[in-house]
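Place chain B on chain A using the hints.
Protein sequence lines, in the order shown, are assigned to chains A and B. One gets the working numbering by counting positions in the first sequence from 1 and adding 3 to each. One gets the working numbering by counting positions in the second sequence from 1 and adding 3 to each.
Hints were generated in silico from the structure; no laboratory data involved. Take these hints with a grain of salt, some might be off.
[As the list claims (entries may be wrong)] With a straight-line Cα cutoff of 16 angstroms, these simulated EDC-like cross-link-like pairs (lysine to aspartate or glutamate) come out: (1) B:K45 <-> A:D20; (2) B:K45 <-> B:D20; (3) B:K45 <-> B:E82; (4) A:K45 <-> A:E64; (5) B:K45 <-> A:E77; (6) A:K45 <-> B:E77; (7) B:K45 <-> A:E82; (8) A:K45 <-> A:E77; (9) B:K24 <-> B:E40; (10) A:K45 <-> B:E82; (11) B:K45 <-> B:E77; (12) A:K45 <-> B:D20; (13) A:K24 <-> A:E40; (14) B:K45 <-> B:E57; (15) A:K45 <-> A:D20; (16) A:K45 <-> A:E82.
There are 2 protein chains.
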Amino acid sequence: MVYTVYINILPHPGILDPQGKATLSGLHNLGFAGVQEVRIGKRIRLNISAASVEEARQLAEESARKLLANPITEVFSIELEVQPA
Amino acid sequence: MVYTVYINILPHPGILDPQGKATLSGLHNLGFAGVQEVRIGKRIRLNISAASVEEARQLAEESARKLLANPITEVFSIELEVQPA
Numbered sequence: 004m005v006y007t008v009y010i011n012i013l014p015h016p017g018i019l020d021p022q023g024k025a026t027l028s029g030l031h032n033l034g035f036a037g038v039q040e041v042r043i044g045k046r047i048r049l050n051i052s053a054a055s056v057e058e059a060r061q062l063a064e065e066s067a068r069k070l071l072a073n074p075i076t077e078v079f080s081i082e083l084e085v086q087p088a
Numbered sequence: 004m005v006y007t008v009y010i011n012i013l014p015h016p017g018i019l020d021p022q023g024k025a026t027l028s029g030l031h032n033l034g035f036a037g038v039q040e041v042r043i044g045k046r047i048r049l050n051i052s053a054a055s056v057e058e059a060r061q062l063a064e065e066s067a068r069k070l071l072a073n074p075i076t077e078v079f080s081i082e083l084e085v086q087p088a
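Looking at chain A on its own, in the form it has when it is part of the complex:
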């Protein structure tokens, strides 16, 4: 079965996010005064062939830990699409 799994990555709390800061200024310049903070990370969609949802989740978590996310500067979470693709 092929599962669709999302890996959501954000800068670690306490780590500066200059891209987010610049975007916040841009939003304020466009008149979006209500926006107070912007943090920019990555969203990665994986199609994973696995025997079970649990196996797909484990594979995604391992690939995030080993390649996709930087554990020093980023935090990640795994999101499984409920329906297998």
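Here is chain B on its own, set in the frame of chain A:
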């Protein structure tokens, strides 16, 4: 009230994603043979001060359309954290 809103951005279906392709090769080289496709986008977290959840969602959507996402090459979705921050 301050709401936490996520904007999830992925490359438009049909648009090539060279970064995703390179990452897929990297995963295969590391032994993650079960991964079949990788698409890489952005995840943006906004803290929005608004009078209601609906206002926060509308603000997020407008900021995505006007600044954060490129409507030609990307698709985005809005995700509201259920609890106001």
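Tell me the hint numbers this structure goes against, listed in increasing order. Violated hint (a single one): 14; every other hint is consistent with the structure.
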